[in-house]
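There are 2 protein chains.
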Amino acid sequence: MEKIVSLAMGSGGKESWELIERIFRHLGNDLLKEAEDGTPLPSLQNPLFTTDSFTVSPLFFPGGDIGKLAVAGACNDLAMMGAQPRFLSLGLIIEEGLELRQLERILRSMKRELALNGAQVVTGDTKVVPKGGCDGLYIGVSALGERKASISQRNIEEGDLILLSGDIGRHGATIFAAREGIELWNDLESDCRSLWPIVEELLESGATIKAMRDATRGGIAAVLNEWATAQNVEIEIEEEKVSVRQGVQGICEILGLDPMVLANEGTFLLVSSRDEAPKILEILRSHNPEASIIGEVKGDHPQRVVLRSPWGTRRFLDMPSGEILPRIC
Amino acid sequence: MEKIVSLAMGSGGKESWELIERIFRHLGNDLLKEAEDGTPLPSLQNPLFTTDSFTVSPLFFPGGDIGKLAVAGACNDLAMMGAQPRFLSLGLIIEEGLELRQLERILRSMKRELALNGAQVVTGDTKVVPKGGCDGLYIGVSALGERKASISQRNIEEGDLILLSGDIGRHGATIFAAREGIELWNDLESDCRSLWPIVEELLESGATIKAMRDATRGGIAAVLNEWATAQNVEIEIEEEKVSVRQGVQGICEILGLDPMVLANEGTFLLVSSRDEAPKILEILRSHNPEASIIGEVKGDHPQRVVLRSPWGTRRFLDMPSGEILPRIC
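In order, the protein sequence lines correspond to chains A and B.
Take any residue in the first sequence, note its place counting from 1, add 288, and you have its number in this note's numbering.
Take any residue in the second sequence, note its place counting from 1, add 288, and you have its number in this note's numbering.
Bear in mind the hints are in silico, worked out from the structure with no lab data behind them.
Check the hints yourself; a few may be wrong.
Pairs count within a copy or across copies, as identical chains cannot be separated in the list.
[Unchecked claim] Simulated pairs of lysine to aspartate or glutamate, EDC-like, Cα-Cα distance not exceeding 20 Å:
id, residue 1, residue 2
1, Lys436, Glu522
2, Lys419, Glu383
3, Lys321, Glu514
4, Lys529, Glu392
5, Lys567, Glu306
6, Lys529, Glu489
7, Lys302, Asp546
8, Lys586, Glu570
9, Lys399, Asp606
10, Lys419, Glu309
11, Lys321, Asp423
12, Lys419, Glu384
13, Lys302, Glu570
14, Lys399, Glu522
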């Protein structure tokens with residue numbers, strides 16, 4: 289077989305089957321092996337359904353690659369709403385000329401990430417576009433999970449506390465540095481990570497979680513503003529409680545961006561009642577010592593996010609706008 | 289709001305929400321409106337799950353566009369296995385600069401096609417890539433259906449008859465003609481069509497269908513070969529029973545391709561027992577008078593498809609290989 293992906297591999301004939309078999313080898317499972325155009329699934333009692341497309345550039349970056357990102361990203365959308373990831377669909381749009389070695393490396397990292405989530409790819413589709421038709425590889429993933437708890441932004445109310453699972457902005461900063469060839473900070477690595485294991489631990493602890501959201505595109509600024517708007521509440525954040533690593537801060541200075549708008553791919557926000565917060569924080573800290581309670585839900589400025597500085601001054605943190613960083617996920 | 293899609297619309301901030309609201313307006317339904325990162329669905333008893341990515345060029349062609357194709361294509365994968373399409377995910381990868389007017393036209397045609405299937409888009413994702421990052425618009429759709437009958441290639445056995453729902457090759461020929469600006473045949477139009485309505489009629493008639501497959505990439509040659517291989521049978525086709533319109537034949541002569549390998553997006557193959565075939569054919573013919581019984585399942589040459597000419601000669605119809613037509617779906 290050839291060493292690069294050819295247009296013939298997307299034509300639905302012999303070469304397509306050879307490519308699909310090669311992909312199967314990495315993601316293979318009984319449901320996928322028996323697949324026709326659709327895959328029968330066992331019955332689902334409380335299904336949660338999500339989708340995400342991935343166009344990240346570069347395909348490989350410190351801390352991950354597009355395959356890890358795609359599985360973790362889609363599964364995290366489920367985990368953040370209290371659902372255990374189960375069944376994934378995988379759509380690959382491959383640029384003619386992609387090295388098969390690279391594709392296989394990406395599939396291997398998908399497989400690892402699937403195992404962390406206890407999930408399976410059960411249906412797939414592969415398209416090959418001529419050179420220039422995409423940038424190497426785009427991945428579309430849809431995911432089905434079984435809901436274990438009713439976690440939703442609709443539970444957020446005045447008096448709740450806002451927790452953050454770790455330091456922010458690492459994914460966005462890492463992608464920017466990788467793309468621009470900046471190597472100033474050796475420790476800079478994406479936070480790309482599957483969150484179901486920690487969510488499962490939180491649920492098993494008996495803690496009541498009201499809402500969670502991984503702070504991807506638009507960073508924590510986007511999530512906090514979406515919550516404030518959706519629930520018609522004010523969210524007040526203590527700025528100094530939000531941890532930003534030195535490398536991320538450095539990239540932000542180059543870009544002229546606030547780390548609050550930089551993308552994360554594992555770091556997440558969580559809302560709980562005041563009573564539940566301490567035990568949740570303890571679990572979060574066992575995974576990342578930088579986790580902290582960063583703010584609270586109030587009522588003075590509905591639909592606004594307020595940042596409080598260590599000196600007591602306050603300013604609004606707006607919904608991000610404009611081009612932040614294209615193709616970070 | 290601007291008239292073209294900008295990179296800022298993919299950054300997860302204010303402009304992203306404006307774009308999403310504009311998309312919502314066309315696909316809006318209660319489940320989508322309330323969507324967070326994942327959408328809770330009602331319980332599913334016999335779910336069937338499928339996925340498809342669409343990179344067709346051009347975006348608009350006689351008989352359809354990428355939006356119609358995406359909804360029909362994904363839903364047809366379900367219908368062909370006896371499942372009623374229910375819930376769809378939609379991933380849009382949009383090239384910076386795409387006219388919003390074009391995007392909205394595509395969304396409107398998705399909406400029409402969703403209605404024909406009785407299905408809803410319940411979760412979505414939008415990415416914007418810089419100019420050159422894709423070709424206008426790529427669409428990824430995953431679809432969930434409820435299975436009403438156990439239709440599968442695994443039911444195919446010696447003695448069964450092969451039915452074809454209409455004339456072949458129109459989609460592939462139309463795309464090629466549209467791309468190359470060939471306007472010799474005015475009547476040439478894609479067969480792009482949602483198949484659930486006709487499948488529902490077939491199921492309600494009480495007819496027993498063993499297998500069905502829409503003959504997309506690789507045409508009927510690919511489907512027949514996949515069936516012959518999967519079930520270790522011979523499939524013999526009477527060549528003159530396979531209807532090809534004049535315009536399609538003309539394009540095939542230009543391309544030097546057999547219409548049997550050209551893509552269809554609505555024309556499908558069906559397998560039934562000899563007894564069930566007449567009433568099935570009657571229903572197929574009420575939709576397309578060119579429907580016919582084109583062959584039968586035999587045992588002499590396992591895993592091969594044999595074409596019998598009107599003069600009684602026989603030749604093998606191989607699994608297509610090589611580049612057929614890139615980006616036809």
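My question is about lysine 419 and glutamate 309: at a cut-off of 20 Å on alpha-carbon distance, are they close within one copy, between copies, both, or neither?
Neither, since 23 Å and 33 Å both go past 20 Å.
With 20 Å as the alpha-carbon cut-off, assign the pair lysine 302 and glutamate 570 to within, between, both or neither.
neither (55 Å within a copy, 34 Å between copies)
Within, between, both or neither: how does the pair lysine 321, aspartate 423 come out at a Cα-Cα threshold of 20 Å?
neither (29 Å within a copy, 32 Å between copies)
With 20 Å as the alpha-carbon cut-off, assign the pair lysine 529 and glutamate 489 to within, between, both or neither.
neither (24 Å within a copy, 62 Å between copies)
Tell me, please, which holds for lysine 399 and glutamate 522 at an alpha-carbon limit of 20 Å: within, between, both or neither?
Neither: 41 Å inside a chain and 37 Å across chains, both beyond 20 Å.
At 20 Å max between alpha carbons, let me know whether lysine 567 reaches glutamate 306 within a copy, between copies, both or neither.
neither (51 Å within a copy, 38 Å between copies)
My question is about lysine 529 and glutamate 392: at a cut-off of 20 Å on alpha-carbon distance, are they close within one copy, between copies, both, or neither?
neither (41 Å within a copy, 43 Å between copies)
Checking lysine 436 and glutamate 522: alpha-carbon separation at most 20 Å within a copy, between copies, both or neither?
neither (29 Å within a copy, 49 Å between copies)
Should lysine 419 paired with glutamate 384 be assigned to within, between, both, or neither, using CA atoms and 20 Å as the limit?
Both, since 5 Å and 18 Å are each at most 20 Å.
Quick one: lysine 586 to glutamate 570, C-alpha cut-off 20 Å, is that within a copy, between copies, both, or neither?
neither (24 Å within a copy, 67 Å between copies)
When no copy is named, should lysine 399 and aspartate 606 be tagged within, between, both, or neither for a Cα gap of at most 20 Å?
Neither. Shortest intra-copy (38 Å) and inter-copy (34 Å) distances fail the 20 Å Cα cut-off.
Same-copy or cross-copy closeness of lysine 419 to glutamate 383 [CA-CA at most 20 Å]
Both ways: lysine 419 and glutamate 383 sit 6 Å apart in one copy and 16 Å across, limit 20 Å.
Checked against the numbered hints above, the structure breaks hints 1, 4, 5, 6, 8, 9, 10, 11, 13, 14 and satisfies the rest.
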